[in-house]
Amino acid sequence: MTGARVPADAGKGLGRIVLAVLEILEELLERQAIRRMDAGSLTEDEIERLGQALIALRRQFAELRAVLEVHPERTEL
Amino acid sequence: MSGERGLCAYAITRGTRWDLVGLPELRAAGPPELIRHDGLALVVTEVDTALFGGLDAEEPAEDGLLAKLVRDHDAIVRAVFEHEPVLPLRFGTVVADEPAARRLLSSSCDEVTRWLDRVAGHREWGVRVDHGAQPVEETPLTGLSGADYLRRRRQSRLDGRQLKDHQAEAAQALHSALAGLATDAVHRTQRPQTLLDAAYLVQEANEDAFRRAAAELGEEARGRGATVHATGPWPPYSFTRLELGVAG
Amino acid sequence: MTENTLVDLLDRIVDSGAVVTGDVIITLAGIDLIRLDLRLLLVGIDESLR
Chain A
1 MTGARVPADA GKGLGRIVLA VLEILEELLE RQAIRRMDAG SLTEDEIERL
51 GQALIALRRQ FAELRAVLEV HPERTEL
Chain B
78 MSGERGLCAY AITRGTRWDL VGLPELRAAG PPELIRHDGL ALVVTEVDTA
128 LFGGLDAEEP AEDGLLAKLV RDHDAIVRAV FEHEPVLPLR FGTVVADEPA
178 ARRLLSSSCD EVTRWLDRVA GHREWGVRVD HGAQPVEETP LTGLSGADYL
228 RRRRQSRLDG RQLKDHQAEA AQALHSALAG LATDAVHRTQ RPQTLLDAAY
278 LVQEANEDAF RRAAAELGEE ARGRGATVHA TGPWPPYSFT RLELGVAG
Chain C
326 MTENTLVDLL DRIVDSGAVV TGDVIITLAG IDLIRLDLRL LLVGIDESLR
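Residue numbers (this note's numbering), protein chains in the order written: chain A, 1 to 77; chain B, 78 to 325; chain C, 326 to 375.
No lab work stands behind these hints, which were simulated from the structure alone. Keep in mind that a hint or two might mislead.
[Unchecked claim] Derived lysine to any residue pairs resembling SDA-like cross-links, with alpha carbons at most 25 Å apart:
#1 B:Lys241 <-> B:Gly220
#2 B:Lys145 <-> C:Thr330
#3 B:Lys145 <-> C:Val332
#4 B:Lys241 <-> A:Asp45
#5 B:Lys145 <-> B:Ala105
#6 B:Lys241 <-> B:Thr216
#7 B:Lys145 <-> B:Glu159
#8 B:Lys145 <-> C:Leu334
#9 B:Lys241 <-> A:Asp38
#10 B:Lys145 <-> B:Glu81
#11 B:Lys145 <-> C:Asp362
#12 B:Lys241 <-> A:Leu25
The whole structure should be built from the sequences, with the hints applied where relevant.
Right, here's the structure in full:
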């Protein structure tokens, strides 16, 4: 990651921080889901639902990212 | 601003081929001279110590004073190095005057002579291998069931980890081969993401084999996504871990 | 292999070279600070290149 200087536009900066935190959270959730799947402690149905939830989460991130980059001033979450 | 006069010292050599040394065009330093004593010679230029005074306040830049001084240092060491073994001194070594220079040479004579014998006929090469950027294989979000999505994510994590392991193995293989062809090898600073940052002291007779191995095995590591950065030939800068103490 | 870049040169030279100690040496104020700064700078350049 480049150490980009935070511009005067602080809203964009804040949005990026929030996004970074959410991405860490997603990473943790995904890791946890895979670990439990590997441990065999999930039913096929639970695996399916976890997977669906993670897909939905990632979709929302993609939208959020688009919003943050295209309209950096609108970052009230 | 004017400070003390001193002699900026670059290297110790035997000085037997000084007449052959083509002196480089220097950017900041004056013309180098030799101070001889006991079969050794100190390569110096006369400096005003104030020259170094503002260095720490300056942003390092290609045309800055620091860059000029470092390039001069390298140019002088290299000019000598082309003709005879040379012991580079640490950048920014300034001795008081000629008598001080002679005392340095006489007190470190045995140690320096041994060192010069050891590196004679050798040049230094550097090789650095870093983890390449992970190829991001974006798992598609549509057309997969939740379970398939999760399994794909697991696979791409495994692949990523395996790739890193393969890069580390390639770096290790590269190092073993190069160290085998070198007289000496040292690991330099380790940075995050760095798999290998080593310097090799290579005898001239082994240089072809060394460079071939570096090219071949470097290509192997590159093929696994690592970045490989080779530098050299250098004077034996990285093999100078000695302290020349002069008792008062 | 090509002409050395300033980064390669600094990386090679800043921390290397035999150290001379004792009363023959004129201690330069700030020179050790430069070494430290450059170390950090080189690591920084590294990271910004990735």
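- Does Lys145 of chain B pair with Glu159 of chain B here, judged by a C-alpha cut-off of 25 Å? Cα-Cα ~21 Å, so holds.
- Pair hint Lys145 of chain B and Glu81 of chain B, alpha-carbon separation not exceeding 25 Å: holds (21 Å)
- Message: Next pair to validate is Lys241 of chain B with Leu25 of chain A; report whether the Cα-Cα distance is within 25 Å.
- Response: Measuring from Cα to Cα gives roughly 24 Å; hence the hint holds.
- Item | Pairwise hint evaluation, Asp45 of chain A against Lys241 of chain B, where the allowed Cα distance is 25 Å at most | Judged against 25 Å, a Cα distance of about 33 Å means the pair is violated.
- Agreement of Lys145 of chain B and Thr330 of chain C with the hint, judged by alpha carbon distance not exceeding 25 Å: Holds, at roughly 13 Å.
- Query: Is the hinted pair Lys145 of chain B and Asp362 of chain C satisfied, with a Cα-Cα distance of at most 25 Å?
  - Reply: Holds. Lys145 of chain B to Asp362 of chain C sits at ~17 Å (cutoff 25 Å).
- Task: Could you grab the alpha-carbon distance between Lys145 of chain B and Ala105 of chain B and see if it respects the 25 Å cut-off?
- Result: holds (6 Å)
- Are Lys241 of chain B and Asp38 of chain A close enough, with their CA atoms no more than 25 Å apart? Satisfied, since the Cα-Cα distance of roughly 21 Å is no more than 25 Å.
- Message: Check the hint pairing Lys241 of chain B with Thr216 of chain B against an upper bound of 25 Å on the C-alpha distance.
- Response: The hint holds at about 19 Å.
- Message: Given the hinted pair Lys145 of chain B and Val332 of chain C, is their Cα-Cα distance within 25 Å?
- Response: It holds: about 13 Å lies between the C-alpha atoms, which stays within 25 Å.
- Task: Compare the distance between the alpha carbons of Lys241 of chain B and Gly220 of chain B with 25 Å, and conclude whether the hinted pair is satisfied.
- Result: violated (29 Å)
- Message: For Lys145 of chain B and Leu334 of chain C, compute the direct alpha-carbon distance and say whether it is at most 25 Å.
- Response: holds (11 Å)
Consistency with the previously given hints fails for numbers 1, 4, ordered from lowest to highest.
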